[in-house]
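Q: Sequence lines, in order, name chains E and H. Residues in the first sequence are numbered from 1 upward in steps of one, following my numbering. Residues in the second sequence are numbered from 1001 upward in steps of one, following my numbering.
If you're looking for bench data, these hints aren't it; they were derived computationally from the structure. Computed from a prediction, not measured in an experiment: that's the story for all the values here. Glycine is no exception: its CB is placed at the ideal position from the N, C-alpha and C atoms. Possibly wrong hints are sitting among the right ones.
Within a straight-line C-alpha distance of at most 25 Å, the following computed SDA-like cross-link-like pairs (lysine to any residue) qualify [as the list claims (entries may be wrong)]:
1. H:LYS1207 x H:MET1001
2. H:LYS1181 x H:ASP1141
3. H:LYS1066 x H:LEU1036
4. E:LYS84 x H:MET1001
5. E:LYS127 x H:GLN1085
6. H:LYS1075 x E:LYS84
7. H:LYS1066 x E:THR100
8. E:LYS56 x H:GLN1085
9. H:LYS1207 x H:LEU1227
10. E:LYS54 x E:GLY126
11. E:LYS54 x H:LYS1075
12. H:LYS1073 x E:PHE111
13. H:LYS1075 x E:PRO110
14. E:LYS56 x H:ARG1108
15. H:LYS1207 x H:ASN1153
16. E:LYS54 x E:THR112
17. E:LYS54 x H:GLU1033
18. H:LYS1164 x H:GLY1138
19. E:LYS56 x H:GLY1138
20. H:LYS1196 x H:PHE1151
Covered stretches of chain H (chain E as the covering partner; in silico rule of three or more C-beta atoms under 8 Å from a C-beta of chain E) [what the hints assert, rightly or not]:
21. 1056 to 1068
22. 1219 to 1229
23. 1239 to 1250
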Amino acid sequence: MPHRKKRFSEASSLSHLSKQHSRRLSVLATIQAAGRVRRQDLQGSKWTNPEMQKRKLGNSNLEVSAIGLGCMGMTFGYGPAADKPEMISLIRAAVERGVTFFDTAEVYGPFTNEELVGEALAPFVGKW
Amino acid sequence: MIATKFGFKPGAEDTSRWSALDSRPEHIKDVAEASLKRLGVDAIDLFYQHRVDPDVSIEDVAGTVKDLIQEGKVKHFGLSEAGVQTIRRAHAVQPVTALQSEYSLWWRAPEAEVLPTLEELGIGFVPFSPLGRGFLTGKIDESTTFDSSDFRNIVPRFTPEARKSNQAFVDLLGTVAERKKTTPAQIALAWLLAQKPWIVPIPGTTKPNRLEENIGAVAIDLTPDDLREIDSAASKITVEGARYPEKLEQMTGR
């Protein structure tokens, strides 16, 4: 794998990535504490993206990012399961980018996809 | 926000494949407990019935999820690939927060009945396979080969002949993408976002650069002229091949 497993030593090294919300900074700090996040996961290599927008699902008060992350294919359906630490990094990178909507199912695996999503999002439970 | 789904179980003949349905109330409650443990959360934010189970009334399913909500184990109720009558009946027992079904430029069946019903009832819509299982990215063509365990090997829409024919969708997205200086995938996602403000697509990926590309679709502004052009061009293309093998299609729209 070409990815370097570089960790951040200071939250300040992330400041150029997110300047807008203290909440988001706390998410970054949580990611940093969780470790295993690669620099290239946190930076758009090609895209300069704005702040993620939010949408409400119908009349409910459930507000989620305008684009969610479907996790099925990380372990199920489209060939062999991908590398688990890499997928955990990917899901956490999505959190950093403002994604707050993650999709899984009991039958994906079965079970392994829920376990992956649970492990990846454990640092953020109750924080969004 | 984690969304998960219940309602499948191992098949009677081949127990290694979860091809059978089971939405009996006691099963839903067991799955909820097990999913809470696997996810490591106190409550499931959004709990979908994965497919409608013809052997269990939808009122019983909705009532069971209502119980789980009252117990604090589930926060929101969802359905997947359900038909409009089922959506209405479920919603009458326990308000449905979201329907998750396939929707993209090459699978527009929800436009006929489902989307108007969701709008009327105030239910959100979560399109799965918003990039056509990868096809609409333009990175798959007739010469692409899939791993033997890849589901796309049994999808009629993904036979090499069908891929060749369906390339017209990618060409259409590519034309618009070139003008907007972006990619076919971003146009495909932006088109979905432009349909209704309560639509939230959930593209999947295993690659960080694709994650960024998908997320970047929120910044693509399709004008009414762009949307008319896409609709007009897409309406002239006939999709080759079914989206599912027959057995799986039969589990939808009920």
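Q: Each hint needs a verdict: does it hold in this structure or not?
A: For each hint, the structure was consulted:
Of the supplied pair hints, the one linking LYS1207 of chain H and MET1001 of chain H holds, its CA atoms being roughly 21 Å apart against a limit of 25 Å. For the proposed pair LYS1181 of chain H and ASP1141 of chain H, the alpha carbon gap of about 22 Å is at most 25 Å, so the pair holds. Of the supplied pair hints, the one linking LYS1066 of chain H and LEU1036 of chain H holds, its CA atoms being roughly 16 Å apart against a limit of 25 Å. About 20 Å separates the Cα atoms of LYS84 of chain E and MET1001 of chain H, which keeps this hinted pair within 25 Å; it holds.
Simply put, LYS127 of chain E and GLN1085 of chain H have alpha-carbon atoms about 37 Å apart, too far for the 25 Å limit, and the pair is violated. About 28 Å separates the Cα atoms of LYS1075 of chain H and LYS84 of chain E, which puts this hinted pair outside 25 Å; it is violated. For the hint linking LYS1066 of chain H to THR100 of chain E, the alpha-carbon distance of about 24 Å falls within 25 Å, and the restraint holds. With a CA separation close to 23 Å, the supplied pair LYS56 of chain E and GLN1085 of chain H stays within the 25 Å bound.
Taken as a hint, the LYS1207 of chain H and LEU1227 of chain H pair is broken in the structure, with Cα atoms around 29 Å apart against an allowance of 25 Å. Between LYS54 of chain E and GLY126 of chain E, the direct Cα distance comes to roughly 18 Å. Compliance with the 25 Å bound is thereby established for this hinted pair. Simply put, LYS54 of chain E and LYS1075 of chain H have alpha-carbon atoms about 19 Å apart, close enough for the 25 Å limit, and the pair holds. Taking the CA atoms of LYS1073 of chain H and PHE111 of chain E, the gap is about 19 Å. The hint holds against a cut of 25 Å.
For the given pair, LYS1075 of chain H sits about 23 Å from PRO110 of chain E by alpha-carbon distance, which is consistent with the 25 Å threshold. Straight-line distance between C-alpha atoms of LYS56 of chain E and ARG1108 of chain H comes to about 22 Å, which keeps the hinted pair within the 25 Å bound. A distance of roughly 22 Å separates the Cα atoms of LYS1207 of chain H and ASN1153 of chain H; the hinted pair therefore holds under the 25 Å criterion. Straight-line distance between C-alpha atoms of LYS54 of chain E and THR112 of chain E comes to about 29 Å, which puts the hinted pair past the 25 Å bound.
Proximity of LYS54 of chain E to GLU1033 of chain H is assessed by CA-CA distance (about 30 Å); at most 25 Å being required, the pair is judged violated. Of the supplied pair hints, the one linking LYS1164 of chain H and GLY1138 of chain H holds, its CA atoms being roughly 12 Å apart against a limit of 25 Å. Distance check on the hinted pair: LYS56 of chain E and GLY1138 of chain H sit about 30 Å apart at the alpha-carbon level, beyond 25 Å; violated. For a cut-off of 25 Å, the pair hint linking LYS1196 of chain H to PHE1151 of chain H is broken: about 30 Å separates their Cα positions.
Given a C-beta distance limit of less than 8 Å, the hint that chain E covers the stretch 1056 to 1068 of chain H is violated, as 0 residues qualify and 3 are needed. For the stretch 1219 to 1229 of chain H, the proposed coverage by chain E is not satisfied: 1 residues have a C-beta within less than 8 Å of a C-beta in that chain, short of the threshold of three. Proximity of the stretch 1239 to 1250 of chain H to chain E, defined as three or more residues with a beta carbon under 8 Å from a beta carbon of that chain, is not established by the 0 residues found.
Of the numbered hints listed earlier, those contradicted by the structure are 5, 6, 9, 16, 17, 19, 20, 21, 22, 23.
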